[in-house]
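Engineer: Sequence:
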Amino acid sequence: MSKDIVLRPVVGMSDSKKQLKKMPEDVQKQMGGELYLAQRGESPPHSKMFKGVGSGVFEIKDDFDSNTYRLVYAVQIGNRLYVLHAFQKKSKKGIATPKKEVDLIARRYKEAVDMEKEFQS
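Using our numbering, read the sequence shown as starting at 2 and increasing by one per residue.
Just so you know, these hints were derived from the structure itself, not from any lab.
Since the structure is predicted, the reported quantities are computational estimates derived from the model, not experimental observations.
Check each hint, because a few of them may be wrong.
[Said to hold, decoys possible] Estimated spans, in silico, between C-beta atoms of each pair:
#1 ALA97 - LEU8: 27 to 35 Å
#2 ASP5 - LYS101: 37 to 45 Å
#3 LYS111 - SER44: 20 to 28 Å
Every residue gets a Cβ at the ideal spot worked out from N, C-alpha and C, and that includes glycine.
Build out the structure end to end from the sequences listed, making use of the hints.
Structural biologist: In structure tokens, the structure reads:
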């Protein structure tokens, strides 16, 4: 007996989809495949917890052509998957996500929580 696959709806916050589309095609495919697994409720292999924003927030990182691309998404806000931010990491100082990007992700996380409350009411 096969189990029906239920995909969580994806909500792109602000310009996250536009930013993803600016990335190289290979990166878009990688990120898309990882998001699909998350939609199915699976743990994508290139995804890790993104700390300091909220629970259930994950980051997908892809190194391509000497550049690093990141996509941050939340899975524990209602039954939707919220893409909070997609960006190319340009900082050459270590591997940490720049504060400007973390602040933006935190703001969009709060917006996603508020949006989910609207969906529920």
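Engineer: Would you mind marking each hint as holding or not holding in the structure?
Structural biologist: Against the structure, the hints come out as follows:
Range check, ALA97 to LEU8: Cβ separation about 32 Å, and the 27 to 35 Å hint holds. A C-beta distance of roughly 42 Å is found between ASP5 and LYS101, which places it inside the suggested range of 37 to 45 Å. Under the hint 20 to 28 Å, the C-beta atoms of LYS111 and SER44, about 25 Å apart, fit the expected range.
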